[in-house]
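Throw the hints in and build the complete structure from the sequences for me.
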Amino acid sequence: MAHQAVKPYSFLMYFLAIITSFFVGLTYASIVEAGKGQMLAGGAIVFGYGVIGAFLGLIIAIFITVKTNRKLIIKLNLFLALAIVAFFSYYTIKYQKLQKVKEKEKLEQENQRQEKRLKKNLTAPVMEAKPNHDKEISSINYIRAKQLAMLNKKADFSQDNSEMGLGMFSPNMYENKTLYFYGNINYEKTINDHTPYDSITFRFDKYNNIEIATAPSWLVPMHLKLDYGILFFKVKTIIRDFIEVEVNTTNGQSSYVSPSQGTVKFWPEFLLQVHSIEFLNPETQEAKSRPFEYSDRVNIAFKIMQPIAIKQDWILVALKDNNYHKVGTGWVKWRENGKLLVRYSFLS
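Here the sequence shown stands for residues 110 to 457, where the numbers follow the numbering used here.
The reader is advised that the hints may include incorrect statements.
As the list claims (entries may be wrong) - Straight-line distance between alpha carbons at most 30 Å, and here's what the computed DSSO-like set of lysine-lysine pairs gives:
| # | residue 1 | residue 2 |
| --- | --- | --- |
| 1 | K397 | K315 |
| 2 | K209 | K116 |
| 3 | K448 | K435 |
| 4 | K420 | K397 |
| 5 | K397 | K374 |
| 6 | K448 | K412 |
| 7 | K397 | K435 |
| 8 | K184 | K203 |
| 9 | K345 | K206 |
| 10 | K286 | K206 |
| 11 | K334 | K435 |
| 12 | K145 | K215 |
| 13 | K345 | K420 |
| 14 | K286 | K203 |
| 15 | K209 | K374 |
| 16 | K116 | K215 |
| 17 | K211 | K298 |
| 18 | K213 | K116 |
By construction, these hints were calculated from the structure, which means they are not laboratory data.
Structure, rendered in structure tokens:
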């Protein structure tokens with residue numbers, strides 16, 4: 110049957126056998142840890158195992174095509190193809206897991222470097238927590254803790270009529286226990302070339318609830334209600350490696366933070382996730398039947414407006430009564446000239 114060695118299905122078998130045997134060689138090298146401790150040479154060693162496996166696979170494939178019939182070769186081709194798919198899937202998943210581990214290690218190393226820089230180059234004092242045996246206040250010192258606790262207990266989340274910015278930034282408090290603040294940045298340099306001047310840190314209390322451990326004396330975020338996992342800073346500017354956020358709503362002070370330490374939600378996305386909105390000026394504002402200034406007003410009595418969709422300056426809301434029964438829908442203008450025209454509430 111030597112003539113079968115030059116048939117198309119035989120050439121296909123050579124190709125499939127080379128690839129499959131290459132993966133087998135790599136797998137064997139991984140099992141015996143052939144490249145372990147060899148640093149840069151480790152990769153070449155593992156690759157060498159793959160090449161040897163491919164060569165042996167080709168020799169075996171030639172022998173099989175000479176000694177067997179066409180039907181068996183086609184079956185083996187199918188088996189080899191399935192084996193290649195299985196190997197490829199396995200190594201793809203393994204590679205993705207390895208990349209996630211590397212990214213996590215890189216983030217941890219970056220956090221450690223930032224902590225070292227912060228300890229060496231603090232330009233604004235970070236006030237440490239002082240125990241208070243009379244009251245359970247989790248914050249930075251008694252006076253500041255009391256201020257943050259009062260802010261933390263606000264549930265109405267009222268907003269003023271200042272510039273609305275681009276949206277909201279929420280730090281990932283559960284994965285990153287420290288949020289670093291940067292100032293006087295160079296737009297042309299990366300975040301690794303900058304040193305934070307201050308930070309806010311988080312911890313878990315005895316009930317496993319997130320709380321503020323340390324914070325700057327000037328910190329007044331846009332929204333703070335940690336018992337519901339709510340901490341938002343208004344976003345003022347988006348830069349390649351930084352986000353400018355408002356860190357004090359009383360005087361407009363801003364700082365820069367790393368995008369990797371939290372999530373940015375631009376206004377449309379943010380408003381679609383709140384519980385409800387209300388008019389800033391109920392006497393002059395009204396729900397419309399369509400998203401146009403001169404469209405008809407909605408002649409339905411309602412108490413609650415819950416966002417459904419946003420189209421440019423207009424937001425479609427579900428109109429509900431006090432019992433949360435839907436009575437209709439309407440369009441509400443939510444922004445004009447860079448300012449919000451509505452208030453929003455995270456909670457019912």
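Here is what the structure says about each hint:
With a C-alpha separation of about 49 Å, the suggested pair K397 and K315 falls outside the 30 Å cut-off, and the hint is violated. Our distance criterion of 30 Å between C-alpha atoms is broken by K209 and K116, whose separation comes to about 45 Å. Taking the CA atoms of K448 and K435, the gap is near 29 Å; set against the 30 Å cutoff, the hint holds. A C-alpha spacing of about 13 Å is found between K420 and K397, which places the hinted pair at or below 30 Å, so the restraint holds.
Restraint check for K397 and K374: the C-alpha separation of about 26 Å stays at or below 30 Å, so the hint holds. About 23 Å separates the Cα atoms of K448 and K412, which keeps this hinted pair within 30 Å; it holds. Only pairs whose Cα atoms come within 30 Å are accepted, and K397 paired with K435 is accepted, the gap being roughly 16 Å. In summary, the hint linking K184 to K203 is supported, as the alpha carbons are separated by about 29 Å, within the 30 Å threshold.
Among the hinted pairs, K345 with K206 is inconsistent with the structure: their alpha-carbon atoms are about 35 Å apart, more than 30 Å. Note on K286 and K206: the hinted pairing holds, with a Cα-Cα distance of about 24 Å set against a maximum of 30 Å. Only pairs whose Cα atoms come within 30 Å are accepted, and K334 paired with K435 is accepted, the gap being roughly 29 Å. With a CA separation close to 22 Å, the supplied pair K145 and K215 stays within the 30 Å bound.
For the hint pairing K345 with K420, the CA-to-CA distance comes to about 22 Å; that is within 30 Å, so the pair holds. Distance hint between K286 and K203 is fulfilled; the C-alpha atoms sit about 29 Å from each other, no more than 30 Å. A hinted pair counts as satisfied when its Cα atoms are at most 30 Å apart, and K209 with K374 qualifies at roughly 24 Å. Pair hint K116 plus K215 does not hold up; C-alpha atoms about 52 Å apart against a cutoff of 30 Å.
Our distance criterion of 30 Å between C-alpha atoms is met by K211 and K298, whose separation comes to about 23 Å. About 51 Å separates the Cα atoms of K213 and K116, which puts this hinted pair outside 30 Å; it is violated.
This entry does not satisfy hints 1, 2, 9, 16, 18, going by the numbered hints stated previously.
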